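Q: Could you put the whole structure together from the sequences, leaning on the hints where they help?
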Amino acid sequence: MEETLIAGRFAPRDLLGQGACGTVLEAMDLRLRRLVALKLIRRDGIDAARIAAEARAAARLTHPNIVAIHDAGDGPDFAWIAMDLVIGEPLSAVFARDGRLPEADAGRIALQLLDALGHAHGRGVVHRDVKPANILLALDGGEGIGELRLGDFGLAQLGGDDPEEAGGLQGTPAWMAPEQVRGEPLDHRADLWAAGVVLYEALTGRRPFQGRTTALLNAVLEAEPPPPSRIAPGLDPGWDPILARALAKSPEARFADAAAMAAAIRPLLEARAAQSLGPLSRFGLLRGWLSPAA
Numbered sequence: 017m018e019e020t021l022i023a024g025r026f027a028p029r030d031l032l033g034q035g036a037c038g039t040v041l042e043a044m045d046l047r048l049r050r051l052v053a054l055k056l057i058r059r060d061g062i063d064a065a066r067i068a069a070e071a072r073a074a075a076r077l078t079h080p081n082i083v084a085i086h087d088a089g090d091g092p093d094f095a096w097i098a099m100d101l102v103i104g105e106p107l108s109a110v111f112a113r114d115g116r117l118p119e120a121d122a123g124r125i126a127l128q129l130l131d132a133l134g135h136a137h138g139r140g141v142v143h144r145d146v147k148p149a150n151i152l153l154a155l156d157g158g159e160g161i162g163e164l165r166l167g168d169f170g171l172a173q174l175g176g177d178d179p180e181e182a183g184g185l186q187g188t189p190a191w192m193a194p195e196q197v198r199g200e201p202l203d204h205r206a207d208l209w210a211a212g213v214v215l216y217e218a219l220t221g222r223r224p225f226q227g228r229t230t231a232l233l234n235a236v237l238e239a240e241p242p243p244p245s246r247i248a249p250g251l252d253p254g255w256d257p258i259l260a261r262a263l264a265k266s267p268e269a270r271f272a273d274a275a276a277m278a279a280a281i282r283p284l285l286e287a288r289a290a291q292s293l294g295p296l297s298r299f300g301l302l303r304g305w306l307s308p309a310a
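Converting from the sequence shown to this note's numbering requires adding 16 to each position, the first position being numbered 1.
FYI, nobody ran anything at the bench for these hints, they're computed from the structure.
Please note: incorrect hints may appear among the correct ones.
[What the hints assert, rightly or not] Label-pair restraints from in silico Cβ distances:
(1) L21 with T229: 38 to 44 Å
(2) N234 with L31: 34 to 40 Å
(3) R139 with I103: 25 to 31 Å
(4) A27 with P201: 39 to 45 Å
Remember, predicted model here, so these are calculated numbers, not experimental data.
Idealized CB from N, CA, C, for every residue including glycine.
A: Here it is, written out as structure tokens:
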């Protein structure tokens, strides 16, 4: 029996996930001769051609912390995006299972996320939907946090499968910057806000803004979140000014770019690592992990 192909080139192998907007399959790309994660996005009320065009634009991003997009297209029933197949789990699953993370793990996640965002922003690509469900942690074969891979570039217009999703908004409310809530033009600083929300949850086990959709959006616009050290006993208070700046209501008051935010985080991790390892840190054994990628 002849195998059914998707878009004339993808042989489906396994279902990886399914949501309100579409399906993700493990598939063999017969043209590239490699396994991929194939995202199929239903056309119902969605500009599939635009999605495919944005995904193709994002395909120029080549970075170890970004899920590579190999190709994209649209057909009569769905748009499709062929991406790297990452063996791991989303950060949202880690949060649901573990809650608050150790500071070293939270900081490592933040630095990798900011490195990925800095690469994208330097090439004119704004993600617009940074959230734990779009952050994959590849299995590393050990007990620690695996390498981070940021996915779903160019898909913010779809919304998500989160029950707190608000219709008509590009993004997911719990991670949306105030200017995004207001429907204003966005730049890279909206992604830095979302990175701040992710880091806040990693450090404290809770998001900085609470409530169902309407209350949540109002909180994003008007409320000041409590300092993370007040929420998480024993947390280094040095995180407080970093997250206050990342979550500033005005984009102008936030970090200028991802590198600046990473530079503020790195000394905290260096100090904690030095306390843990003592004289080993003098020999620069941590430098490769804490230094930005070349």
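Q: If a hint holds in the structure, say so; if it does not, say that too.
A: Evaluation of the provided hints:
{"no.": "1", "hint": "L21 with T229: 38 to 44 Å", "verdict": "40 Å, holds"}
{"no.": "2", "hint": "N234 with L31: 34 to 40 Å", "verdict": "38 Å, holds"}
{"no.": "3", "hint": "R139 with I103: 25 to 31 Å", "verdict": "27 Å, holds"}
{"no.": "4", "hint": "A27 with P201: 39 to 45 Å", "verdict": "41 Å, holds"}
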